[in-house]
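Student: Going by the numbering used here, the first residue of the first sequence is number 234, and it counts up by one from there.
Errors might be hidden in some of the hints.
[Stated by the list, open to error] Cut-off 30 angstroms, straight-line C-alpha distance, at most; resulting in silico cross-link-like pairs (DSSO-like, lysine-lysine):
#1 Lys556 x Lys237
#2 Lys235 x Lys672
#3 Lys797 x Lys480
#4 Lys335 x Lys797
#5 Lys335 x Lys250
#6 Lys614 x Lys703
#7 Lys476 x Lys498
#8 Lys578 x Lys606
#9 Lys781 x Lys235
#10 Lys265 x Lys245
#11 Lys476 x Lys531
#12 Lys428 x Lys440
#13 Lys672 x Lys480
#14 Lys281 x Lys476
#15 Lys359 x Lys531
#16 Lys672 x Lys646
#17 Lys359 x Lys281
#18 Lys476 x Lys237
#19 Lys341 x Lys606
#20 Lys461 x Lys447
#21 Lys556 x Lys614
#22 Lys447 x Lys498
#23 Lys703 x Lys606
#24 Lys769 x Lys306
#25 Lys476 x Lys571
#26 Lys335 x Lys672
#27 Lys606 x Lys335
#28 Lys646 x Lys480
#29 Lys606 x Lys697
#30 Lys531 x Lys646
Keep in mind that the hints were calculated from the coordinates and are not lab data.
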Amino acid sequence: MKLKLHINNVIKDAFIKAGIAHEPMSVSEATKAEFGDFQFNGAMALSKKLGKNPREIAGNIIESLDLSGIISKAEIAGPGFINLWINPLWIAEQCQAAVSDKRLNIAKTETPSRVVVDYSGPNMAKQMHVGHLRSTIIGDTLANVLTFLGDEVIRQNHIGDWGTQFGMLIAYLEEIGEDGSVSLKDLEQFYKDAKGRFDADAAFADKAREYVVKIQSGDRHCLELWQKFIDISLGHCEDIYEKLGVKLTREDVRAESFYNEDLSKVVEDLAANGTLQESDGAQCVFLEGDEVPVIVQKRDGGYLYATTDLAALRYRAQTLQAKRISYVVDARQAGHFKQVFRVAKESGFVAEDVQLEHVGFGTMMDKSGKPFKTRDGGTVKLIDLLDEAVVKAKEAIKNKEDYTSEEIDALAKIIGIGAVKYADLSINRESNYIFNWDKMLSFEGNTSLYMQYAYARIQSIFRKYDGDIKGEIIIGDALEHRLAVMLLRFEDVLTRAAKDTSPNQITAYLYDLVTLFMRFYEQNPILRADVDEKTKMSRLQLADLTAKTIKQGLSLLGIQVVNKL
RNA sequence: GCACUCAUAGCUCAGCUGGAUAGAGCAUCGGUUUGCGGUACCGAAGGUCUCAGGUUCGAAUCCUGAUGGGUGUACCA
């Protein structure tokens, strides 16, 4: 239900009827309940253009407003605000349509766009650490939401599988032989051991260097070892994706190595364009206004990060035919992407109408506001963080005696992982945030457990009530009205969150929704004996729609719900 | 040095296209229960939105400057 669009259309009609030859600005949600459901602030802005006072303009608009359909009441307030009330009968009708529809009456877009979402991008030489969390779950959420809204989404996992360090790792893998997969369980350790050999043994180091050259020139034996290493390493990542409920698969992997053969072409084509310049022996693109150039080829002939990204951009725009390409990468790389995007467009690798965006995000901090590290200063492995979340979630489950130990394990997994994800996704993407277990696993405030609790509570209503649900939704009091309007806003929120790539708009909405439901439920009994049948049916359906909206919302964030907790 | 970015309640955070008295949660103080899951709900208190100018009918939001943090800055990814 595109709620705002409907209301905007009513305003637009009023503009035409009133003979105002301007495009009206969009309505916005009312800032307070007593101001109605929505407000239109465009009269003030028109005041100067029309040479009239804003209240008079607002009056003209209201006179021309159709109050027989979606909007039932309109009032002028203050300097020229128009407060709008939505017709309760219409709201009820729309909620009814939503509750009986699998997609909650949210249509897929009629103009789907092909979107590449680049996210996660772990390095195969190392284990995933907490720094990969945000990219992985923000990117996955974006992909989920866009898919749900009807776009054609291509997920791309640009894993780091190429470069000099791999020679060392492969040489070591060969040296320790068949049981390499065992040692590889701990990639950090494997990396350290390989590095130890590299530093201590000159023959080993020579072999490692030799392997780098061999891999890149396509030596079969070395490539086999390399492939084995990548498979094992990627397997670790997939364990984490599985735990996180992230939908990345092997099909989505387009590794750095995938673009290997394109790299020389990128440089050639830039040279042919005349955009390339040599500087200190390196091949560079100098952008107007930028101090540092984009280096695409080193003095020694090697290629760089930017070269691979240019190749990937071209592949995504030309071969995959994407119209929007979103990179979910740490905010610190803003400068890099700004430059690479410019080169891609200016060189014609990517057409002008393709939207390139760097979806940057802030850093995870510890309690003291410093980057999140282990006690001894190392990076925190993502797997350890997730395992700890499950352990802590177990402690948070109250009536443990009601469950078998298998049930508790399953619950703890959903709740623990969900809590970590929700806490992260509920923070404004661009800001740094302080990681806090207690807050994350609290039932209070905008947390996953508050959502889960509300959801479980609603499910409990339906466990108690085993009759049929029939009849209509009737909007009774003001709280029901507000709850119903809130439910209808879901699509607008998703659309906006997708446009801005900000998952926290979804969590903020869910929190508002749940808070409103809790208030509604406190005040409006459903199953109590003194509630008449019609009211009971109506409220049951509102509760049902609330639960379905929570479930759908969390599902887009990649978080499961539980019926009991 | 230059560039980017951030600064909102004691703490952790919201605040979308500029709109009405800047909102939540925690912590503090107080209230609600013959209970549909109290891990809930209601209320009080808490703010010169870092500072100074400017634009505007209207600025936490836009512009300029200052101060204080963070980040990036030529052959790593």
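Student: Look at each hint and say if it fits the structure.
Tutor: Here is how each hint holds up against the structure:
1. Between Lys556 and Lys237 the CA atoms are separated by roughly 26 angstroms; this keeps the pair inside 30 angstroms, and the hint holds.
2. A threshold of 30 angstroms between alpha carbons decides the hint, and for Lys235 with Lys672 the separation of about 34 angstroms lies outside it, so the pair is violated.
3. Between Lys797 and Lys480, the direct Cα distance comes to roughly 25 angstroms. Compliance with the 30 angstroms bound is thereby established for this hinted pair.
4. Proposed proximity of Lys335 and Lys797 is supported: the alpha carbons are some 22 angstroms apart, at most 30 angstroms.
5. Straight-line distance between C-alpha atoms of Lys335 and Lys250 comes to about 38 angstroms, which puts the hinted pair past the 30 angstroms bound.
6. Restraint check for Lys614 and Lys703: not satisfied, since their Cα atoms lie roughly 51 angstroms apart, outside the 30 angstroms limit.
7. The suggested pairing of Lys476 with Lys498 is violated, with an alpha-carbon distance near 39 angstroms, which exceeds 30 angstroms.
8. A C-alpha spacing of about 38 angstroms is found between Lys578 and Lys606, which places the hinted pair above 30 angstroms, so the restraint is violated.
9. A C-alpha spacing of about 18 angstroms is found between Lys781 and Lys235, which places the hinted pair at or below 30 angstroms, so the restraint holds.
10. Simply put, Lys265 and Lys245 have alpha-carbon atoms about 24 angstroms apart, close enough for the 30 angstroms limit, and the pair holds.
11. Annotation: proposed proximity of Lys476 to Lys531 is violated, straight-line Cα distance about 40 angstroms (limit 30 angstroms).
12. Between Lys428 and Lys440, the direct Cα distance comes to roughly 13 angstroms. Compliance with the 30 angstroms bound is thereby established for this hinted pair.
13. Between Lys672 and Lys480 the alpha-carbon distance is near 27 angstroms, which keeps this suggested pair within the 30 angstroms criterion.
14. Restraint check for Lys281 and Lys476: not satisfied, since their Cα atoms lie roughly 58 angstroms apart, outside the 30 angstroms limit.
15. In summary, the hint linking Lys359 to Lys531 is supported, as the alpha carbons are separated by about 25 angstroms, within the 30 angstroms threshold.
16. For the hint pairing Lys672 with Lys646, the CA-to-CA distance comes to about 18 angstroms; that is within 30 angstroms, so the pair holds.
17. Proposed proximity of Lys359 and Lys281 is contradicted: the alpha carbons are some 61 angstroms apart, above 30 angstroms.
18. Distance restraint check for Lys476 and Lys237: the Cα-Cα separation of roughly 37 angstroms exceeds the 30 angstroms cut-off, and the hinted pair is therefore not satisfied.
19. Distance restraint check for Lys341 and Lys606: the Cα-Cα separation of roughly 43 angstroms exceeds the 30 angstroms cut-off, and the hinted pair is therefore not satisfied.
20. With a C-alpha separation of about 16 angstroms, the suggested pair Lys461 and Lys447 falls inside the 30 angstroms cut-off, and the hint holds.
21. About 35 angstroms separates the Cα atoms of Lys556 and Lys614, which puts this hinted pair outside 30 angstroms; it is violated.
22. Between Lys447 and Lys498, the direct Cα distance comes to roughly 21 angstroms. Compliance with the 30 angstroms bound is thereby established for this hinted pair.
23. Restraint check for Lys703 and Lys606: the C-alpha separation of about 55 angstroms exceeds 30 angstroms, so the hint is violated.
24. At most 30 angstroms may separate the alpha-carbon atoms for a hinted pair to count; Lys769 and Lys306 meet this at roughly 27 angstroms.
25. Our distance criterion of 30 angstroms between C-alpha atoms is broken by Lys476 and Lys571, whose separation comes to about 33 angstroms.
26. With a C-alpha separation of about 33 angstroms, the suggested pair Lys335 and Lys672 falls outside the 30 angstroms cut-off, and the hint is violated.
27. Of the supplied pair hints, the one linking Lys606 and Lys335 is violated, its CA atoms being roughly 43 angstroms apart against a limit of 30 angstroms.
28. Straight-line distance between C-alpha atoms of Lys646 and Lys480 comes to about 17 angstroms, which keeps the hinted pair within the 30 angstroms bound.
29. Proximity of Lys606 to Lys697 is assessed by CA-CA distance (about 47 angstroms); at most 30 angstroms being required, the pair is judged violated.
30. For a cut-off of 30 angstroms, the pair hint linking Lys531 to Lys646 is broken: about 47 angstroms separates their Cα positions.
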